[in-house]
Amino acid sequence: MTQIAANPARGARDAISHAARRKPSAVLMEFGLLLAAVLSILITAGIVYVLFSEAVPFFRVVSLWEFFTDSQWTPLFDDKHFGILPLVCGTMTTTGIALIVALPLGTIIAIWLSDFARPGLRETVKPILELLSAVPTVVFGYFAIQFVSPALGRVIPDLPLFNVLAAGVVMGIMIVPYISSLSEDAMRAVPMLLREGSYGMGANRFTTAIRVVFPASLSGVGAAYTLAISRAVGETMIVAIAAGMQPTLTIDPTSQAQTVTAYIVQVSMGDLPHGSLEYQTIFAAGLTLFVMTLGFNLLSVALRRRFRQVY
Amino acid sequence: MRPIDHTIRRGILVDRAFSIIGWASLIFCLSMLGLLLYSLLSDGASRLSWDFLTSFPSRRAAAAGAKSALVGSLLVMLITACTAIPLGIAAGVYLEEYARKNWFTSLIEVNIANLAAVPSIIYGLMALGLLVYQFHLGQSILTGGITLAFLILPIVIVATREALRAIPQHMREAAFALGASRWQVVRDHLLPYSTGGIATGVIIALSRAVGETAPLVTIGAISYIAFLPPVPFSERPWLPATNAQRAVARAAQADPLPAGLGTGVSPLRAGTIEVRVRPSDGGGAAVSTTLAFDPSMSIEDLRAAFDSVPGLAASLTPSGYLALAADSGSEFRLAGDTAGLTRALGLNEGGGLHGPVEWAWSPFTVLPIQMFNWLSTPDEAFAKNAAAAGLLLMAVTLGMNGAAIFVRARMRRRIKW
Amino acid sequence: MKQLSPASFALLGTLCFGSTASAQQSVVKVDGSSTVAPISGAMAEEFQNANKGMKVTVGTSGTGGGFKKFVRGEIDISDASRPITKAEMEECTKGGIGYIELPVAFDALTVVINKQNTWAASMTTEELKKLWEPAAQGKITRWNQIRPEWPDAEIKLFGAGTDSGTFEYFTEAVVGKAKSSRGDYTASEDDNTLVKGVEGSKYALGYFGMAYYEAHKSKLQAVKVDWIKDGKSQTGGAIEPSAANVTGAKYNPLSRPLFIYVNRRSAETKPEVKAFVDFYLKNAKTLVSEVKYVPLPDATYEVVSSRWAKLQTGTVFGGSHAVGISLADVLTKESK
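If you read the protein sequences in the order shown, they are chains A, B and C. To convert, note that position 282 of the first sequence is 281 in numbering that gives the first Met the number 0; the numbers rise steadily by one, no gaps. To convert, note that position 166 of the second sequence is 165 in numbering that gives the first Met the number 0; the numbers rise steadily by one, no gaps. To convert, note that position 305 of the third sequence is 304 in numbering that gives the first Met the number 0; the numbers rise steadily by one, no gaps.
One chain only, chain A, in its complex shape (with noise of 0.2 Å):
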């Protein structure tokens, strides 16, 4: 006490710089925080080490050349094939025709509500399209095999109850809302003196919608595009329940196809012999789904941080 009266202004310093020393104690927490951060790059380091582990006896066996130019997948047959191809060709075929669904519905309804819906509207609306995307896979595929297939096959005569059609369009209902909520969310970031802007030169709502924030908010469109192209190719209920198990190299959409997914399905349902070179055909196709959605992610990233330097 009288040490601080008689040199007030120091006591106080000595008693903050205490508190300002980090105690073990905190010191402690942050490690443990930061332990939680590095966790999701154990997870990463996890994947990526059970893809290669298991995908690289797979590929002392069955050469790259062969993975990526047979034209056949039969490795569960006596007269082997591993020609990856009709796997990724039923993934991109269902991919694009998910696309063609939810492209222009998620893109129109994103610019709707930016620029045209009234603010109580959108906020009532975003939440309710949101919930498309909660309804869980198995259900989409229930809703594919059940109401939707047999609803075109109607409309197209001899049209196979499972066919790759029927599951493209569902998966595109479930990631419309992928675009629009992520679109729309970019549109709105284009600053309203660039539409004020364009509305002082007389233009329309439209013409300002399509000339001006569409490609103000691009990248950031197209960050929302490549997230949905990724969810689509990284599918897998739908296209399992829906889309047939036949590995076939077909852009046709009313045949049945096996996607990359469906195929790891289709596996793990029948057996898992550990060690077995069927065993380890998953993985490998594992890994071409783990790369070709990485690639889509990472563009995902990169547009969205270039987004977010414009504005």
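It is worth saying that the hints were derived from the structure and are not from the lab. Please read all numbers here as calculations on a predicted model, not as lab measurements. There's no promise every hint is true.
Said to hold, decoys possible - Pairwise CB distance ranges (calculated):
#	chain 1	residue 1	chain 2	residue 2	range
1	B	Gln-168	A	Arg-187	16 to 26 Å
2	A	Arg-153	C	Arg-141	44 to 54 Å
3	A	Ala-301	B	Gln-168	22 to 32 Å
As the list claims (entries may be wrong) - In the BS3-like style, the derived pairs of lysine-lysine whose C-alpha atoms are separated by at most 30 Å in a straight line are:
#	chain 1	residue 1	chain 2	residue 2
4	A	Lys-79	C	Lys-291
5	C	Lys-93	C	Lys-309
6	C	Lys-291	C	Lys-51
7	C	Lys-201	B	Lys-66
8	C	Lys-85	C	Lys-249
9	A	Lys-79	C	Lys-128
By construction, the Cβ of each residue, glycine as well, lies at the ideal position given by its N, Cα and C atoms.
Model the placement of chains B and C on the given structure of chain A, informed by the hints.
Just chains B and C, lined up with the frame of chain A:
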């Protein structure tokens, strides 16, 4: 003046047209949601009943229920929540409040952004290779829960970060100015204010996990389960019969027990074991008999000793395993084993209490997998069950999303900076 | 709420599964053929109803997949739609696994076509071979390539999953070599895919277990099969896949016995396994017909039960697939 007038009118017309297209697109999407619900309801509503919720799956579609799947989903979610919530919040807090801007932080950020979009089935493959085969957690509730926790971790992290970012910087500055440490700021100010935002994210993340099928199919959760995991601290069932897990001697040889028996596990000592026998209807009191053993006894002596217990029959199987069986209408348990007999022979003691976390090692099924299972059964009657399971799933996920919207709206109204 | 810190969450997490109590739970584990699974599943259901607290899991990994787990000692009972192979027998010996072979029912493979198909009501095994052999891939794609008078329309093919005993059996019985098949058809472990696929397309043809056909008789049409071998009919004309023709050993080569293989060690050390198999054999006759397979004659069940009572290991088939085997053959083999 006329051309401008014309242009303006055309512009308005185009705007109107697009407005209609926008409405139409929206209504189309929402009507799909409506059709989906309608097709589930028209197929499944008749199957939804109390019996459906409280029955095990069955080969008879009309008798099948979702009991094991419901309990499975609940327990898997418990593990997922216990893992993903603390880890996700901690990681979010670190990245938003502690991390310096450097390459490592941005690596973590890009990594999380990528993880959020990695297909769920890839998580399943990772869990299969790592949790099932490397860490030997088995195709258990624990494995399923951790797999889904990894899957939703990025969602929790992102939600936490966004909730923290929404708190104005001056809140932190005020607390620091008063001498609070960073951790105190986080604990006393930031977390309480961001609870709403974090809770919203957590609920949405968990609702996604509830509906996930693919990663759990990959780790091998698909099979017919007609029992529930053990309740913590519930009594293990007494045994109608138990057999030794280790061969003791050939039945033909009535030699003394081989010297090696039990070595490395637990040596057989001189001592006693208590056998309790009771009626299996649970009505009567247990009758207790204490048997004495010493290592010099022959296998036949061992068998005879157990056989002498009233209500218990002991025999040796052809390969020399000791088999104990209670008389019909009664059950037994082994206790008070000072001879180390149960461990040396690998006999199941029966009775006692289940451990607190034994359930986590139980095989399981979850609601979406049960639905997938029924959907894959050719009998059309099972499609109705699938629809009913789908309705349950929709109720859970839509309910959770509704709750999230509600929480978000409430927090928005309450907090004013 | 202030105290709800990450630290307390983390602690909660530890409490939830921090312990390593990997308790062994006494579960009877059955896995294998999806064809046998309905029988084992029905048994498991009734067994668990009759004995509260007993736990049985039934997986459908396919016969081959089931045996792979069986030889590693991961399961107690392997459901098999064919006898154990030589390679699997060796694996068992290597792994020190004794197996008790118990035939439990008969199954017939049924070749099915769409209801609207008016031309292919009966086919010969040679025609089936022409359609399904590996050389047919990409070449035999139209109905009129099999018989010129048949329609010039593309055949949509459906078949059993490649890890299934059904696939192995069909390929061996029809093509002549197990697992030797064309690959450009819809192969599914999930028979629903096949039923729905054939039902949905006029020009479809598929094959799967008789049980699935019986359950969907109203939607599908079964093909009568004429067994041609060495240029002449072995069956004296096309035979319909019916229960009577299966027990009467007439529907060849597409009928076969179904088995369960019990791990002998499990049988001796796990009372619940013994109780389950006892129950299985006692109720086989009623439950097998309930799930629409063909039960063995009473006398055969007696022979099988005595094998089980003696815990007799080994196979009576010598490690080869038994194409065209009849009930009588099994009987004589069993009584040896």
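Tested hints:
Take Gln-168(B) and Arg-187(A): their Cβ atoms lie about 23 Å apart, and the range 16 to 26 Å holds. For the pair Arg-153(A) and Arg-141(C), the supplied restraint of 44 to 54 Å is violated, since their beta-carbon distance comes to about 26 Å. Look at Ala-301(A) against Gln-168(B): about 28 Å separates their beta carbons, and that is inside 22 to 32 Å. Taking the CA atoms of Lys-79(A) and Lys-291(C), the gap is near 34 Å; set against the 30 Å cutoff, the hint is violated.
Taking the CA atoms of Lys-93(C) and Lys-309(C), the gap is near 23 Å; set against the 30 Å cutoff, the hint holds. Note on Lys-291(C) and Lys-51(C): the hinted pairing holds, with a Cα-Cα distance of about 27 Å set against a maximum of 30 Å. Of the pairs offered as hints, the one joining Lys-201(C) and Lys-66(B) is violated, with about 40 Å between alpha carbons and a cut-off of 30 Å exceeded. Restraint check: the Cα-Cα separation between Lys-85(C) and Lys-249(C) comes to about 28 Å, which is no more than 30 Å; the hinted pair holds.
For the suggested pair Lys-79(A) and Lys-128(C), the alpha carbons sit about 19 Å apart, so the restraint of at most 30 Å is met.
Going through the hint list in order, the structure does not satisfy hints 2, 4, 7.
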